[in-house]
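Visitor: Sequence:
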Amino acid sequence: GKTSRHCTFFEMLGHFSFGDYFKREAIVWTWEFFTRVMGIDPERLYCSVYLDDDEAWDIWVNEVGIPLTHMARLGREDNFWDIGSGPCGPSSEIYFDRGAENGCGGPDCKVGCDCDRFVEVGNNVFTQFSNDGQGNYIELAQKNIDFGMGLERLACVVQGVDSVFEVDTITRILRHVSQIAGIPYGQSEKHDMSLRVITDHIRSTVMMICDGVQPGNEKRGYVLRRLLRRAARHGRLLGVEEPFLCALAATVIEESGAAYPDLHKRSDMIRTVIRIEEERFSKTIGAGLAMLRDEIQKTQGTLFSGDPAFMLYDTFGFPVDLTLEILEEEGLTLDRARFDELMQAQRTRAREARAAMGEVSWKSEDMGLDRDLRTEFTGYFSLTETAVVWAAVTDGDRVTLVLDKTPFYAESGGQTSDTGRLYNDLFDMRVTGVRGTGDGKIVHTGELISGEVSTGDTVTAEVGADRRAAVMRAHSATHLLQQALRDVLGSHVEQAGSLVEPDRLRFDFTHFSALTGEEIGQVCAAVNRRILEGLPVTAREMPLAEAKARGAMALFGEKYGETVRTVRMGDYSFELCGGTHLDNTAKAGAFWFRSETSIASGVRRIEARTGLAVLEQLDGAQRALLRASDLLKTSPAEMESKLESALAQSRDAQRELARLKAQLVRADAAALLASAREVKGYALVTGHSGAWDAAALREMGDYLRDKDPNVVAVLAGTGGEKVSLLAVCGKDALARGAHAGSLIRAVSAACGGSGGGKPDSAMGGAKDAARVSEALQSVEGLL
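When we follow my numbering, the leftmost residue of the sequence shown carries the number 190, and every step to the right adds one.
Please note: incorrect hints may appear among the correct ones.
Below, computed lysine-lysine pairings styled on DSSO-like, alpha-carbon distance capped at 27 Å [claimed, not checked]:
| # | residue 1 | residue 2 |
| --- | --- | --- |
| 1 | Lys869 | Lys831 |
| 2 | Lys379 | Lys487 |
| 3 | Lys869 | Lys896 |
| 4 | Lys869 | Lys850 |
| 5 | Lys920 | Lys869 |
| 6 | Lys947 | Lys920 |
| 7 | Lys956 | Lys896 |
| 8 | Lys896 | Lys850 |
| 9 | Lys911 | Lys850 |
| 10 | Lys947 | Lys869 |
| 11 | Lys911 | Lys947 |
| 12 | Lys911 | Lys869 |
| 13 | Lys737 | Lys850 |
| 14 | Lys408 | Lys454 |
| 15 | Lys947 | Lys454 |
| 16 | Lys487 | Lys408 |
| 17 | Lys472 | Lys379 |
In short, the hints are calculated from the structure, not lab data.
Turn these sequences into a full structure, and let the hints steer you where they fit.
Guide: Shown next, in the form of structure tokens:
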């Protein structure tokens with residue numbers, strides 16, 4: 190309504206230059222917003238301006254009309270927005286007077302005082318200057334206005350409460366926390382703090398998960414995990430031992446879902462993530478808290494040893510942040526230097542273990558390979574190779590080999606690994622997986638078909654040609670897809686992940702909204718056009734700096750050395766890539782779009798098919814078309830018109846059916862009205878039938894009200910799984926005091942359900958159809 194329009198006005202101001210006129214308008218609109226739109230008493234609003242901003246002072250005093258007693262001039266610290274180097278300017282702030290009882294009581298208590306009496310609710314920053322970083326201010330050619338306000342703070346003011354936790358929507362969440370804990374709010378400051386922490390954190394976590402953040406050990410995921418675990422821990426402080434945050438999430442979604450519809454759409458996902466994370470944490474927090482309490486009791490002085498803190502973290506997964514918080518509550522300080530020392534030693538051990546296992550993850554101490562040995566990859570140029578076995582492990586039918594050279598591509602950069610055979614006269618192995626190690630070796634794993642193999646044996650390595658070709662089709666199409674997305678959507682598109690499998694690809698990319706049908710069509714057309722053009726695909730190694738200078742795009746997740754491999758497709762696509770590709774885009778066959786979805790906030794995913802998978806897709810579509818044609822008894826060429834005709838006939842039949850149903854319903858209503866009973870001057874109508882659904886009841890109710898202004902009707906439809914109930918009152922019956930909402934509440938309750946509504950019409954529902962007759966008989970007494 191009005192509020193959103195006014196906020197949009199301020200947003201627009203932020204994008205256009207302004208002169209004196211717009212500055213004046215911004216100030217006037219600010220005042221209008223708080224007084225007229227939000228309904229705040231002008232007598233309780235105060236204003237401060239920058240002490241040298243005479244223009245703003247004049248507008249506030251002489252045009253808005255704020256009394257001088259409600260005005261204040263403040264210095265740079267309070268009323269000049271400046272970040273050092275860059276745009277800056279004076280500001281005008283609006284304050285709400287919370288009353289003398291919230292002040293310091295001093296004779297000079299006014300705007301700018303450090304007490305809690307005057308709270309800022311809005312701020313106009315007039316970005317007029319640029320600070321060169323040396324204290325020199327240059328007037329901007331393009332000025333703008335930045336209006337800001339605290340939404341929850343404004344809610345406190347409008348609702349007349351002292352805390353954000355007393356705002357209606359948040360209070361309901363807080364009340365739910367209190368209900369779960371069995372502890373009322375406002376009786377113990379210690380308990381109140383835990384109740385507020387849980388309320389605040391569950392709101393944040395629900396919003397973060399809805400935006401695509403997942404609990405993790407770094408960045409946003411770490412923040413989310415810490416919020417969830419801190420909330421869970423405060424639940425324990427309140428005596429809640431079982432997981433409870435999932436139930437609270439439902440309340441947050443209910444309270445905020447109207448403003449944030451995505452909360453309802455992703456409700457199941459949000460609650461599942463919270464439940465899993467809370468259950469996982471619950472397994473460790475109980476034992477961890479008990480051990481931490483024991484160690485705290487043993488502590489002499491105020492310094493808590495880093496050894497038990499590290500043991501809790503390393504062995505039990507107990508977060509050090511939670512340890513720090515608990516220690517702070519107990520008046521203790523963690524020996525962080527000792528903790529960090531132990532952490533560094535653990536990282537060193539892990540690094541050494543990874544290095545030892547990096548050559549071959551399955552190796553034992555006496556089977557190590559020289560770290561300087563590196564497998565040569567020859568698969569760019571050939572699918573077969575004669576190689577020497579450097580290391581071999583056989584475990585039943587499972588074999589793992591490291592070779593001196595190989596044509597097998599190891600899974601990397603989103604491209605799946607090759608499969609094929611390793612064999613000689615005495616040995617045969619089916620290769621099912623290939624991976625690289627951190628120091629340049631390539632490990633082949635698979636199933637032993639026959640014979641045995643030993644270190645030093647010579648084998649033939651043979652890559653499955655059909656599968657490799659299918660993977661290359663999908664990989665080359667992925668490069669074309671990325672460039673097409675940048676052409677259609679903009680250069681902000683960047684790869685955020687990919688998966689390349691035989692004739693199938695999945696591509697994740699950054700974009701702020703779902704693609705429209707037109708955009709998808711443009712992207713698919715661009716990819717297929719480049720395939721049909723038969724662009725030559727060339728690969729070349731060059732220095733990284735040169736590749737970047739030439740404009741090569743880097744792929745997600747790749748780490749590049751000083752020399753890199755680049756893949757160019759005509760003049761269309763140019764990327765850094767270590768994967769295998771076609772030598773001509775025409776060999777991709779075709780690009781078939783499957784789906785486009787969101788996987789996280791600001792990240793989209795496209796799935797597509799190429800080559801033989803497209804032929805399979807087309808074949809399936811053709812068979813479905815022929816089957817549909819047979820069902821409609823027509824040919825594929827004439828199926829569209831036949832289907833349109835059938836749909837038209839169906840719509841006509843539905844309309845006729847609806848008309849006949851309406852006639853029957855009105856006939857039922859007329860029969861009921863003819864048998865109406867006179868009760869206290871009302872025309873009382875009751876009835877029930879298994880043939881009436883909710884729509885039929887509404888139709889009957891409208892008919893009865895139109896035909897008899899003195900009617901009072903209560904009807905029930907008992908044909909479905911749930912009983913539908915309706916009450917209506919004519920206009921004369923309303924004037925005499927009848928109330929449909931009151932009647933339906935009582936009747937619904939008598940049937941084990943609930944209902945309510947307006948005086949003239951109300952609906953209800955119930956589960957017990959056996960009690961409907963008895964409930965309808967009670968209407969006369971109720972009336």
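Visitor: All hints, please: hold or fail.
Guide: Do the hints match the structure? See the list:
{"no.": "1", "hint": "Lys869 with Lys831", "verdict": "violated, 61 Å"}
{"no.": "2", "hint": "Lys379 with Lys487", "verdict": "holds, 24 Å"}
{"no.": "3", "hint": "Lys869 with Lys896", "verdict": "holds, 19 Å"}
{"no.": "4", "hint": "Lys869 with Lys850", "verdict": "violated, 33 Å"}
{"no.": "5", "hint": "Lys920 with Lys869", "verdict": "holds, 16 Å"}
{"no.": "6", "hint": "Lys947 with Lys920", "verdict": "holds, 13 Å"}
{"no.": "7", "hint": "Lys956 with Lys896", "verdict": "violated, 31 Å"}
{"no.": "8", "hint": "Lys896 with Lys850", "verdict": "holds, 19 Å"}
{"no.": "9", "hint": "Lys911 with Lys850", "verdict": "holds, 21 Å"}
{"no.": "10", "hint": "Lys947 with Lys869", "verdict": "holds, 22 Å"}
{"no.": "11", "hint": "Lys911 with Lys947", "verdict": "holds, 22 Å"}
{"no.": "12", "hint": "Lys911 with Lys869", "verdict": "violated, 32 Å"}
{"no.": "13", "hint": "Lys737 with Lys850", "verdict": "violated, 72 Å"}
{"no.": "14", "hint": "Lys408 with Lys454", "verdict": "holds, 25 Å"}
{"no.": "15", "hint": "Lys947 with Lys454", "verdict": "violated, 30 Å"}
{"no.": "16", "hint": "Lys487 with Lys408", "verdict": "violated, 35 Å"}
{"no.": "17", "hint": "Lys472 with Lys379", "verdict": "holds, 25 Å"}
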